[in-house]
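**Q** Read off the chains here:
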Amino acid sequence: CGFHLRGHAGMPFSTLYLNAANPNTPFIADLRQNLTVNNIKLVNSAEKADVILSIESEVLDKQILSLSGGGRVSEFQLFYRVSVRAYDNQQRDWIPTEIMEIRRDYSYDDTKILAKEQEEAMLVQSMRTDMVQQIIRRLSRSKALPPQ
Amino acid sequence: HNAGAEVDMLALEMDRTFMAMPVPTQETPAFVEADRLVGKQQNQIEAIGNAILRKRGQSIKADRLLYFQDTQDVDAQGSVVVEQDGNTMSGPHLILNLDTNIGKMEQPVFYLAENDGRGSADVMLFQDKQHYTLDNATYTTCPADNEDWLLKMKGLEIDREQQIGTAHHAWVEFMGAPILYSPWMDFPLNDQRKSGFLAPVFGSTTKGGSDLMVPYYWNIAPNRDATIAPRVMTKRGVLLNNEFRYLESGYGGELHMDVLPNDALANRSRTRIALTHSQSIAAGLTGYVNLNRVSDDAYLRDLADSVNITSQVNLVREGLLSYNGGWWNTTARVQRYQTLQDPAAPIGVPYARLPQLTVAAQRYASGANLAFAGEFVDFSHPAALNAQRLVINPSVSYPLLSDPAFYLTPKVGIHSTHYVMGANNAAALPNASRTLPIFSMDSGMAFERDWSLAGGNYLHTLEPRVFYVYVPYRDQAQLPNFDSAQADFSFVQMFAENRFFGSDRVGDANHVTLAMTSRLMEQANGMERLKVTLGERFSFSPPRVNFITPATSTNRSDILLAVAGRVTDAWTLDSEAQFDPNQSHTQRYNIAARYRPEAGKVVNLGYRFLRNTLRHADLSAQWPLSGRWHAVGRWNYSFQDNRLLEAIAGLEYNQSCWMLRLVAQRFTVGTQQANTGFFIQLELNDLVKVGSDPLSLLKNSVSGYTKLNDRPVDKASKVLR
Chain C
1 CGFHLRGHAG MPFSTLYLNA ANPNTPFIAD LRQNLTVNNI KLVNSAEKAD VILSIESEVL
61 DKQILSLSGG GRVSEFQLFY RVSVRAYDNQ QRDWIPTEIM EIRRDYSYDD TKILAKEQEE
121 AMLVQSMRTD MVQQIIRRLS RSKALPPQ
Chain Z
1 HNAGAEVDML ALEMDRTFMA MPVPTQETPA FVEADRLVGK QQNQIEAIGN AILRKRGQSI
61 KADRLLYFQD TQDVDAQGSV VVEQDGNTMS GPHLILNLDT NIGKMEQPVF YLAENDGRGS
121 ADVMLFQDKQ HYTLDNATYT TCPADNEDWL LKMKGLEIDR EQQIGTAHHA WVEFMGAPIL
181 YSPWMDFPLN DQRKSGFLAP VFGSTTKGGS DLMVPYYWNI APNRDATIAP RVMTKRGVLL
241 NNEFRYLESG YGGELHMDVL PNDALANRSR TRIALTHSQS IAAGLTGYVN LNRVSDDAYL
301 RDLADSVNIT SQVNLVREGL LSYNGGWWNT TARVQRYQTL QDPAAPIGVP YARLPQLTVA
361 AQRYASGANL AFAGEFVDFS HPAALNAQRL VINPSVSYPL LSDPAFYLTP KVGIHSTHYV
421 MGANNAAALP NASRTLPIFS MDSGMAFERD WSLAGGNYLH TLEPRVFYVY VPYRDQAQLP
481 NFDSAQADFS FVQMFAENRF FGSDRVGDAN HVTLAMTSRL MEQANGMERL KVTLGERFSF
541 SPPRVNFITP ATSTNRSDIL LAVAGRVTDA WTLDSEAQFD PNQSHTQRYN IAARYRPEAG
601 KVVNLGYRFL RNTLRHADLS AQWPLSGRWH AVGRWNYSFQ DNRLLEAIAG LEYNQSCWML
661 RLVAQRFTVG TQQANTGFFI QLELNDLVKV GSDPLSLLKN SVSGYTKLND RPVDKASKVL
721 R
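Residue numbers (my numbering), protein chains in the order written: chain C, 1 to 148; chain Z, 1 to 721.
Honestly, the hints are just simulated from the structure, not real lab data. Just so it is clear, the structure is predicted and the values come from calculations on it, not from any experiment. Check before you lean on any hint, since a few could be wrong.
[As the list claims (entries may be wrong)] To be clear about the criterion: a stretch of chain C counts as covered by chain Z if any three or more of its residues have a C-beta under 8 Å from a C-beta of chain Z, and this derived list gives those stretches:
1. 81–88
2. 129–139
[As the list claims (entries may be wrong)] Here are the computed distance ranges between Cβ atoms for each label pair:
3. C:P96 x Z:Q640: 43 to 49 Å
4. C:D61 x Z:K707: 34 to 40 Å
5. Z:Q163 x C:L60: 35 to 41 Å
6. Z:Q341 x C:E117: 19 to 25 Å
7. C:L145 x Z:A332: 45 to 51 Å
8. C:Q33 x Z:G250: 46 to 52 Å
9. C:Q33 x Z:S584: 42 to 48 Å
10. C:D61 x Z:V532: 25 to 31 Å
11. Z:V232 x C:Q33: 51 to 57 Å
[Stated by the list, open to error] Straight line, CA to CA, 25 Å or less: simulated DSS-like cross-link-like pairs of lysine-lysine:
12. C:K143 x Z:K531
13. Z:K707 x C:K62
14. Z:K40 x C:K62
15. Z:K411 x C:K62
For each residue, glycine too, the CB sits at the ideal point set by N, CA and C.
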């Protein structure tokens, strides 16, 4: 059926400058770690980089997904949104500005608030891991797009 | 004659980049061109027919133009157009000194490029370079042939130095009828914040009656502001909403203090205090405080107007100190909750943590990942058992295989817990300890193939994953429970070592989780179009540690299936199902689909089912009707309780320079209680919003909602790029 083992495709560039609005978040630390594992050299200035990855915003949001008949929350939905753009020094986009979003649902119970706090932390961690993987996959398939 | 030479040089068009150039000064030369130029006397030029005088960034066009070079006076007559920075001003006659900028224009009609605003006046006086006054001025953002609304002012003073405009006897006419009046008002000319009254908010709710709020914004300093908003509710009285915000280099925060001195319905005074404060103390060391308190259990249900707030049950009060040392971090926290009881359905209050101390560390050493997690908590409760609990959890994992196509990572850890019992020990539980080893093995593979499907080129993946966990059984029935709960079975939870959240229970395990993920990604850019995941957990012996008695443990877990993706640019799908193979029924499923072909058109369809607990339909949409009318609404219904949870019905009328929103909302705020609210809002684009604001409600309730009169994105993004 044509399936084969995933190969060492590598990244379409070798050096990257990571430009984050807030560089001290766990997500940025995970992203750096993953880029390094994928043999990307992280450089400390945009001029020296093949590609500049710009993380313009990183937002965690929580919304009520469903209410009980008594007006209490029975499910929450977590949103994790990261605004991403990759471009090079010729101002060509590699990934045009895009807001990537990951969602997770979980059941909620006000009588178990301490346990639910830990569940939320675990879901946030998993969303962060997923987001890093999605960005790595997008980068591995990216190429310089003709300027518009 | 030097003017003639300059005229020849300048057959250029106005260039928009001129806008960025410095303000004209006396030294800047002026250029004059026209059908016919006449040098009248020394230093005096008369330009006749299509006359244009240019000075950097500014041009004056007229039928006939008289220019005195020595005094820099200009007298322009007939179809005069002054243009600067893309803004224009037209009128029959202009007298202006280019040097001092003192002058006068009769019956000016002006256009402001920034927001397509336009206006007129009887006369405009140029007092100097920074100050202008206008008599009987009008202003609107309506297009040229439309005067649906007009802001009229007897007098208007523009102060470019202070960036303030001041109007006297100002009123707004909507469809020819005056709707707002103010004897005096001032407004900022740029985006700077300025103290002043904000537009009044009025509406009505079943719980408060008619409602009028008049917010006053106080710009105390660039980094400090306050909003004081008295809110009159006909059934209850006057509620004072006070908000204070501050931001310094090392700290920042927000304080709310709301007071309703004498609630006529509840016969008592009611208050709310909320404070958030973040503080950076030293490198890596930060502090955080979050305090919330309301005077009574019904405060939010009675006085708040959104589900996000009325549904809150536990209000947190906590202080947190945290230190981040790179590979390790530590926190100290004190936390307590105020539980707002619904008299018809009271619940137990959560434990306070006074304090909670945590340490977490992670290091890589010769290919191994060493981790440590430690926690000490003093659990406090007025009625239930109090205790101190210490948890120590070191672990090490080592990737045996690590390759894009396959990985294999074993992990070994110790989970050690110690209790010292305290007050309210009715069951006379002894101090206790529990130490358990935890072994896990995570492994996976990845296969790929190129696939052409319906004209698109995709990368199709198959990613099997196998996760094994071993934890020996230990009887934990005699251990207390402070912060633990059985975890819902989910795609995240199935790859966790413990079946419980919290440290009071460590589930015995000898099980393997099998999962398969298949993705469809676009070859061109790696965008994920569809992701299908299937997973199940198989135990070699039935798990024995359980909260629920009698335990219904079996060797097979439920089967999870998820299908999700942005299938096309317009369609998004998100669905998940949980099937119980032991009882052969579906335990849980949910499906959410969204169709959003373009901004302003969205339909969300959702259904959620959880056996014996929840059956919800949730439909919401924003869609254009005929003409300029648009419909917006939501219907969220619980078939389990036969109860409407939230319903919203609204109409929006989008005229080119104003917008009318009519929205009705009904939502559940407690057992047998609901609140109904009406929102009527008239927004005059770029001037004022009058009425009660349904926008945050619509954004929260109708996923993908678009504010229809926002400026097109391409206009905004031009500025950004």
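**Q** Would you mind marking each hint as holding or not holding in the structure?
**A** Hint-by-hint comparison with the structure:
Coverage of the region 81–88 of chain C by chain Z is violated in this model, with 0 residues showing a Cβ closer than 8 Å to a Cβ of that chain against a need of three. Beta-carbon proximity to chain Z at under 8 Å applies to 4 residues in the region 129–139 of chain C; the threshold of 3 is reached and the given coverage holds. As the Cβ distance of C:P96 to Z:Q640 is approximately 44 Å, the hint placing it in 43 to 49 Å holds. Separation of C:D61 from Z:K707 is about 18 Å and departs from the stated range, judged on CB atoms against 34 to 40 Å.
In this structure the hint that Z:Q163 and C:L60 lie 35 to 41 Å apart at CB holds, the actual value being about 36 Å. For Z:Q341 and C:E117, the hinted distance range of 19 to 25 Å is satisfied, since their beta carbons lie about 21 Å from each other. Range check, C:L145 to Z:A332: Cβ separation about 49 Å, and the 45 to 51 Å hint holds. Distance hint for C:Q33 and Z:G250: a CB-CB separation of about 29 Å, inconsistent with the stated range 46 to 52 Å.
The hint said 42 to 48 Å for the Cβ distance between C:Q33 and Z:S584, and at roughly 44 Å that hint holds. Taking the beta carbon of each, C:D61 and Z:V532 are about 26 Å apart, inside 25 to 31 Å as hinted. With their beta carbons about 56 Å apart, Z:V232 and C:Q33 fall inside the hinted range of 51 to 57 Å. The hinted pair formed by C:K143 and Z:K531 meets the criterion: a straight-line CA distance of about 23 Å does not exceed 25 Å.
With a C-alpha separation of about 21 Å, the suggested pair Z:K707 and C:K62 falls inside the 25 Å cut-off, and the hint holds. A distance of roughly 75 Å separates the Cα atoms of Z:K40 and C:K62; the hinted pair therefore is violated under the 25 Å criterion. Restraint check for Z:K411 and C:K62: the C-alpha separation of about 32 Å exceeds 25 Å, so the hint is violated.
Of the numbered hints given earlier, the model fails hints 1, 4, 8, 14 and 15; all others are met.
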